[in-house]
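Residue numbers (the numbering used here), protein chains in the order written: chain A, 1 to 325; chain B, 1 to 325; chain C, 1 to 325.
Hint data in this document are derived by calculation from the structure and do not stem from the laboratory.
It cannot be assumed that every hint is accurate.
Since the list gives no way to pick one copy over another, a pair counts as held whenever it fits inside one copy or between any two copies.
[Said to hold, decoys possible] DSSO-like, lysine-lysine: derived pairs with alpha carbons at most 27 angstroms apart:
#  : residue 1 : residue 2
1  : Lys69     : Lys259
2  : Lys15     : Lys61
3  : Lys193    : Lys15
4  : Lys192    : Lys259
5  : Lys193    : Lys259
6  : Lys259    : Lys292
7  : Lys320    : Lys15
8  : Lys45     : Lys15
9  : Lys45     : Lys192
10 : Lys320    : Lys45
11 : Lys15     : Lys69
12 : Lys192    : Lys61
13 : Lys320    : Lys297
14 : Lys297    : Lys259
15 : Lys15     : Lys192
16 : Lys61     : Lys45
17 : Lys324    : Lys69
18 : Lys61     : Lys193
19 : Lys69     : Lys45
20 : Lys324    : Lys297
21 : Lys192    : Lys297
22 : Lys45     : Lys259
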Amino acid sequence: MSYTLAEIGEHFGLKVEGDPALTIEGLCGLTDDLPGRLSFIGSPKLLEQAARSRIDAFITKPGMVVEGKVNLYSDDPEYAIAQIAEWFRPAPMLQDERIHPGAVIGNHADLGEAVRIGPGVILGRHVRVGDHTEILAGTVIMDHVVIGENCLIHPNVTIREHCSIGDRVILQPGVVIGGDGYGYLLRDGEHKKIPQIGGVIIDNDVEIGANATVDRGRFLSTRVGRGTKIDNFVHVAHNVQVGEHCLLVSHVAIAGSTKLGNHVTLAGQVGLVHHIDIADGVTVLGQSMVTKSINEKGVWAGSPAQPADLWRRSVALAYKQARKR
Amino acid sequence: MSYTLAEIGEHFGLKVEGDPALTIEGLCGLTDDLPGRLSFIGSPKLLEQAARSRIDAFITKPGMVVEGKVNLYSDDPEYAIAQIAEWFRPAPMLQDERIHPGAVIGNHADLGEAVRIGPGVILGRHVRVGDHTEILAGTVIMDHVVIGENCLIHPNVTIREHCSIGDRVILQPGVVIGGDGYGYLLRDGEHKKIPQIGGVIIDNDVEIGANATVDRGRFLSTRVGRGTKIDNFVHVAHNVQVGEHCLLVSHVAIAGSTKLGNHVTLAGQVGLVHHIDIADGVTVLGQSMVTKSINEKGVWAGSPAQPADLWRRSVALAYKQARKR
Amino acid sequence: MSYTLAEIGEHFGLKVEGDPALTIEGLCGLTDDLPGRLSFIGSPKLLEQAARSRIDAFITKPGMVVEGKVNLYSDDPEYAIAQIAEWFRPAPMLQDERIHPGAVIGNHADLGEAVRIGPGVILGRHVRVGDHTEILAGTVIMDHVVIGENCLIHPNVTIREHCSIGDRVILQPGVVIGGDGYGYLLRDGEHKKIPQIGGVIIDNDVEIGANATVDRGRFLSTRVGRGTKIDNFVHVAHNVQVGEHCLLVSHVAIAGSTKLGNHVTLAGQVGLVHHIDIADGVTVLGQSMVTKSINEKGVWAGSPAQPADLWRRSVALAYKQARKR
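Bound-form chain A, shown alone (with noise of 0.2 angstroms):
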């Protein structure tokens, strides 16, 4: 793929500055340094290196310039890049046909349009699939699953049965939703299972990294708001409840039944126990344990957590002490 700035200039509405005949094959960070290519910068101070890189082509904020570059100016550039992005990205899909024959669909499908299946994919009884959502190779999709519009659903994901999935979800590849909660009863020295009989729903806007997870409920929902994306190895558990554009970072484990509020930030690894409430707004700092419910915005940390302030302080008098000896 390569694109004259011109092409993307006009498509994007950014105004260029410089040869707008010149040709990139693709985007870098400033750091990446290579011909051929367009970057962005956000900030005055990053002036002087762009110029002097081997990058052809800077979009740039009104009033800042880029020497001997062309430059695009946006009032957002990172952002303008990311839509750019788009054009680069590769498609993903595997096949021609529309539905791939070895794909099997089970009985009552309803198959909105321009679905795409790929090979091998399984999909359950009366399993819907809404319009322009693409289901990738190896993905398994049992009984009664409610799948939303413009979803990209990646390779060997598996969907269990009577699951709900919102529109434009990404699901990306070995993703698991409605796998059993872990409830048991201790009866005579043996944990009895619990059988979980809820679903999953997750809202519309949700992606969710690789090979994460989200349990299903013990006897309603597990649920993921809208806008919320999940990265990599993310553990929800049974009867979760997660508010609307939260993040949840690589290997974060939230315990059964616990609460988020909206834009609720987990660093990566953090865990939280269950039956708890977290309220908007808070940042939890890599690798903490939130044992109690927080009732206000604001940033924690530790293990267990405390606000971030005083787990600051508490770590570098510890190491403080211990220099003295």
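Model the placement of chains B and C on the given structure of chain A, informed by the hints.
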């Protein structure tokens, strides 16, 4: 699915007080508060909240009456509702045929009575599957694997060659049994692979959560004892011996050759170093790292782990000192 | 499989002392103590235990004789037995045909000599596979992927489009290569996806454990260097550059754009924040969180990480103070 309380009472041996013709369409927890449902309470403290709820019927203990509701009596209400939940559990199977024509069955397979094999399942050579076991879509079972009776193997599971699975074992989607253990020898600055020629033995009544892994042994077998329940993303390394009726919660990582006794509980994100022994009945709290053998029953916590009381005091002290600054 | 010690001694160049006609049926560790097996010892301290065991034969060092057993001599007994283990490793392949008729091979595939492709494997368009590489059942390889020679790709692996795998690479079951990196821009209260248009480059002699993931880069490629060994559940985020001969143990999480030198060892459950550099030869102990670049070789520990000695003193001090209470 819907049932009358009379049907439920009769089948599960629960005395019904109130209208036995009342139909329920599902179960729920007390706080879910939904009409048309059956719930349970185990403590008299909840009687008032139950009476105020919109829930139609409760399983409660003899002598505890939820006013204005249909009451069903059990000495163990939570266990009773777990048993009733089986009636509401949707069937997991994907197809009508016992052996789906889209499955690949290797030579010398030995399939028991009423075995069900889903579409896209691949069975290697010399695989044995016990009576009434179900293997769902997209799962791969390699050569010389033995699977017992009444197992439920969910989609997209992998069981590598020469591993052995007991009776009534449940593997959630994406589980990997028998991946190579992580074994290398540093020679001339390079890590040379140590072939992992042992297998994995999973005993009866074990359940393993979505995307969890149990690695094969270096010479002999990694073992998971009877009745042990393993949550999502748990890592059981090569040569590990897990006892009976253990609970290994999400993201637990057990390094090579470590041995767990019976009834050991490892909470979420706990790590155990290699070549240590953990006694029967030990509990380790979340995010702890156990670096030495633990020789008697007790609760441990911290990274590195100490008896939980000591850990609690050390954490409280650290935060107290920091608060003074 | 069984072999005489004469066969083993001759093939691997080990002098045999005792009955060379003795047949062994497998290998084991010293503490496994099984008859009919060959084991090894590397230290004279173990000579007595070895002599008392039921094991029939030992690889030992010249000058170290296990009394009453057949002895085979090597300057490197552990490495010798690792090489012999190859003879006892069960073949992983599932079928007799080179290309299973149940595999789906996309257009413009370029398959080398003696490539083996299992049932249920899906290859996209323009995929290249080098000589003698084996791709096992249920694995999905998307468009424009390049795989080198003598690789072993286990079942249910996913390699997304435009990723590149070197020679002699081993991917355990469930591995995901090239899932989208976790990149979003917060605009108007919503997390907008940044398309991840880079790929992943896995160099020669890399091994990746079950269900581990390596995400594709934002603009360019995420890289894993030659000879690096990655354990189960390791997360390598977008744009990360892992050097040569590193060890990344189970549940390690490396955030975006972080760079590791060569011979870096990250123990289990270690986390690294984004955009930091780790020098050659650094070791980080289990459950540590590295929040800053580490510029020279050494051992680090703690959350946040410090030089390991300092961390050890701070932990010892904290527990000591708590004991006084």
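Hints, verified against the model:
1. Lys69 <-> Lys259: neither (50 angstroms within a copy, 29 angstroms between copies)
2. Lys15 <-> Lys61: within (10 angstroms within a copy, 74 angstroms between copies)
3. Lys193 <-> Lys15: Between copies, since 24 angstroms is at most 27 angstroms while 63 angstroms is not.
4. Lys192 <-> Lys259: Both: 26 angstroms inside a copy, 24 angstroms across copies.
5. Lys193 <-> Lys259: Both: 24 angstroms inside a chain and 25 angstroms across chains, each within 27 angstroms.
6. Lys259 <-> Lys292: Classified as within; 12 angstroms inside a copy, 32 angstroms across copies.
7. Lys320 <-> Lys15: neither (54 angstroms within a copy, 58 angstroms between copies)
8. Lys45 <-> Lys15: within (22 angstroms within a copy, 69 angstroms between copies)
9. Lys45 <-> Lys192: This pair counts as between: shortest inter-copy Cα distance 25 angstroms, intra-copy 62 angstroms.
10. Lys320 <-> Lys45: neither (35 angstroms within a copy, 42 angstroms between copies)
11. Lys15 <-> Lys69: within (14 angstroms within a copy, 70 angstroms between copies)
12. Lys192 <-> Lys61: Between copies, since 20 angstroms is at most 27 angstroms while 62 angstroms is not.
13. Lys320 <-> Lys297: between (30 angstroms within a copy, 23 angstroms between copies)
14. Lys297 <-> Lys259: within (14 angstroms within a copy, 33 angstroms between copies)
15. Lys15 <-> Lys192: between (66 angstroms within a copy, 23 angstroms between copies)
16. Lys61 <-> Lys45: For Lys61 and Lys45, the Cα distance is within 27 angstroms only inside one copy (12 angstroms; across copies 63 angstroms).
17. Lys324 <-> Lys69: Answer is neither; intra-copy 54 angstroms and inter-copy 55 angstroms both fail.
18. Lys61 <-> Lys193: between (59 angstroms within a copy, 21 angstroms between copies)
19. Lys69 <-> Lys45: The answer is within: 16 angstroms in one copy meets 27 angstroms, while 70 angstroms across copies does not.
20. Lys324 <-> Lys297: Close across copies (24 angstroms), not inside one copy (37 angstroms); limit 27 angstroms.
21. Lys192 <-> Lys297: Between copies only: 22 angstroms across chains, 39 angstroms inside a chain, cut-off 27 angstroms.
22. Lys45 <-> Lys259: Cα proximity of Lys45 and Lys259: across copies only (24 angstroms, versus 42 angstroms in one copy).
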